[in-house]
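No gaps in the numbering here: position 38 of the sequence shown is 799 in my numbering, and each next residue is one more.
Note that these hints are calculated values from the structure, not bench results.
Hints are not guaranteed to be accurate.
[To be verified] Here are the computed distance ranges between Cβ atoms for each label pair:
hint: 1; residue 1: W850; residue 2: Y795; range: 20 to 28 Å
hint: 2; residue 1: D805; residue 2: Y852; range: 12 to 20 Å
hint: 3; residue 1: N844; residue 2: Q786; range: 19 to 27 Å
hint: 4; residue 1: D768; residue 2: K789; range: 29 to 37 Å
hint: 5; residue 1: S823; residue 2: N844; range: 16 to 24 Å
Each residue gets a CB set at the ideal place from its N, CA and C atoms; glycine is no exception.
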Amino acid sequence: MTPKFTDLADLSVYVMTPEYGASTQLEKIDMIDYADCIVINKFDKPGAEDALDAVRKQYRRSHLNLMIPSKASRFLALLPTFNDKGTNWFYFRLLEF
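Using the sequences plus the hints, can you model the full thing?
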């Protein structure tokens, strides 16, 4: 059953930091299953690339489709800077909706 919050918006975005905890915590984050876009903010923090890989892996696992490309565009890493390539991509993606 899809959560009600996805009925409230045209686009659901889940923004998280790389410090979400252990990999087992990702299994408890239902928003990963329903978000149109998953953003990892503060990507300059240590372990951020590992976090991005873990989120991608959990997404594929929860959708029972390990064939989803590991570099799927649904995922995004943002640096905490203005006019960053990732931030700009996210902004223009939002404008599409």
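Checked hints:
no. : hint                      : result
1   : W850 <-> Y795: 20 to 28 Å : holds (21 Å)
2   : D805 <-> Y852: 12 to 20 Å : holds (19 Å)
3   : N844 <-> Q786: 19 to 27 Å : violated (32 Å)
4   : D768 <-> K789: 29 to 37 Å : violated (22 Å)
5   : S823 <-> N844: 16 to 24 Å : violated (33 Å)
The earlier numbered hints that this structure contradicts are 3, 4, 5.
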